[in-house]
Amino acid sequence: MSVLVEARGLTKVYGGRRKQATRAAENVSFACAAGEVFGLLGPNGAGKTTTLRMLSTVISPTSGTAVIAGHDVVREPDRVRASIGFLSGNTGLYPRLSPREVLRYFGRLYGMDDALIRARTAELATLLDMADFLDKRCDRLSSGMKQKVNVARTVLHDPPVLILDEPTVGLDILTSRTIVEFVKDCRRQGKCVIFSTHIMGEVSRLCDRLAIVHHGHVQFIGTLDELRARTGEDLEQAFITVLERPA
Amino acid sequence: MSPIWVIARKEFMDVLRDRRTLVFMLLLPIVVMPLAMIAFTRVTKNQLLAKESRRLTVAIDKQGQGLIRAMGQQWWGDNLLHLMTLGGRLMLSLGEMDLDDLEHIVDRVNTYKDAGESTHFGDTALAAGWVAYQNFTDDEKQLLDDAGAVHAVLSRTEWRDIEKLTHGPDVRLPPGVRQPRDLPPGLDSPAVIAAIVGEAKALHAALYVPVNVFDRLEEQSVSVPITILYDSSQSLSREAYDRFSAFVGALAHSQIDVNLRKAELSPGFVQPFLLKSANVASESRKAQAIIGSILPYLIILFCFFGAFYPSLDLTAGEKERFTLETLLLAPVSRLEIAAGKFMVVFAAAITAAVLSTTSMALTLTHGVLPEDTARALHLEFQPLAIALTASLLLPVAALFSALLLGIALLARSFKEAQSYATPLQLLVIIPAIAALLPDLETDLTLAWVPLMNVSLLMKELLKGNYLWDFYAITLSTTVVLTCIVLWLTGLLFRRESVLLRS
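Sequences listed follow chains R and G, in order.
My numbering numbers the first residue of the first sequence as 1 and each following residue consecutively.
My numbering numbers the first residue of the second sequence as 1 and each following residue consecutively.
Everything hinted at is true.
Lysine to aspartate or glutamate pairs mimicking DMTMM-like chemistry, simulated, CA-CA at most 25 Å apart:
#1 Lys146(R) - Glu320(G)
#2 Lys136(R) - Asp18(G)
#3 Lys415(G) - Asp139(R)
#4 Lys184(R) - Glu6(R)
#5 Lys146(R) - Asp18(G)
#6 Lys136(R) - Glu320(G)
Since the hints were made in silico from the structure, they are not lab data.
Construct all of the structure, not just a fragment, from the sequences and the given hints.
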């Protein structure tokens, strides 16, 4: 399997010299291959979102870099963005636009022609069950509907890499299930999925490998079995043990 | 399609669905401001008419009342013949009107007819009279004004016996009211002063006329004092002062004529010098100068308001809605995002400025100015003046758009952006007011003051004065300033600490 995402010593320091600097991520390194779902686990403030934002080029690393689908996040941010689909709690939808208009807008920004955008919109509307609300304004949609539109926006340009930052937070069980199924589907298609979550059930159902991040440092990288083997406990307890007793 | 254009197209669609933007860009300049202006003018006009036609209560002793009447009647007696001549000339002018005037009067009559009023003849006569009035000499116009002043006092004064007030119970002066010195009998009474300044406003003024006024006029030794007691802080009391001031002025004009005739002296005896003025400004030019000074202020102000909401909505509003980060994930550069947003805000600023200026100019000429003035006013700004004004509007709109985008981008939320951007309004309004100041000349040093130079120059351009050196400095300073602000805003769009501040 080819490696699609490779983080090399990603470090992010906020505050610089003026204030007391905050090291949100420190020397984060991992790799993720095509057809693999890679989980990023950690408590609030551990540095997961910072790491994912660096991968998505929304923020630039203070040091270190990452290569995504052959492109460097520091030197070729535009190409990296064209190769990824990113979804997080901070990626909102335009409330005064309909889902169809949102998809058309992002499709054009990704350089897709209108015919392709229409075809992909129809395809995703069926896949994510969005046909009923495709032409309603986004501010009139439920949070579940909005998240479906966001997912559609994320994969509209069919990127090889998906970065999903807690995509099921605040969603009802049915929508969460749709998202989980969707991630599985992406894996089947050979996409590389980096997935951060708090929910252990999702980790055990989805992740092939995972990294546990705490205080900006990677504390563990490996498969679920390796994690359980290391602590001899169930997943939740193993997670807590790693946080308390890093290797 | 270029990413900048894709972003601009979407932002256009987005802001046009935003009610606040629509209100500031379209509704406010096209509908609300003209309506407010018309309503304000109507209310002011009606209030003025009501004030002028109101009967005012004035206290005076019984003899004084008789003397005022007698003086007024004597004025009519002395001037009736002259007035009748003027009236005759006004009537005669009916037959002397040229075709344009006649058309104007017919239009006017028809307007009244449409409104269901049937004063055709009176109205025609009035309009014809207005035409003739333009040809009267200053003295003749003064005589007509004097006739109005005498008529106002004789017919619209409610006289009250001052003695009834002075013989009433003792009254103490309200706090903050001073007792003027050397007042004639009656006017020095605290009860009279209290009635003028009091809450009840029982009196608008009190008057004293010396009993022997006619004898003293005959003597011609010293001027005869007529004293008025009034409260300048009250509008109706001021109106009473104005009326009696005009009345005494009318009596004086008439008495001077009588005295000169008696002494067989010419008018040069009392008026050795006379300033003869000839104003080369036509009615149209005068009105154009007034409108020309209001327009720059409106252009600048509405240009700013047009940019205000879209700039806040497309930056701080996007942060608040978490859509800015979504956009940052698209494979476009941050400068392209800034450029796309800038295009929309810039277009909104230009649209608001153009629409508001046009609608205000139309409102002034078709709804606010008196019909005669509006008719005399031909808003024919020269194409060169319009082109040069537009050449100044473009950098100003760009400056406002870049400035507001940059400032709003610093904010975390729409509300915070409002609190940053609102004080900017003062920075814009104060220099823009420059054009409204009638005595502020276009000194070349002012050409270096941003926005004030634009405001002053637009005023001169609309008057048809092409100050090329002033224009060169103004345009270059504005363009340089705009470039600096654009560059700074561009820098802000590349700073992730600013873009992602939440």
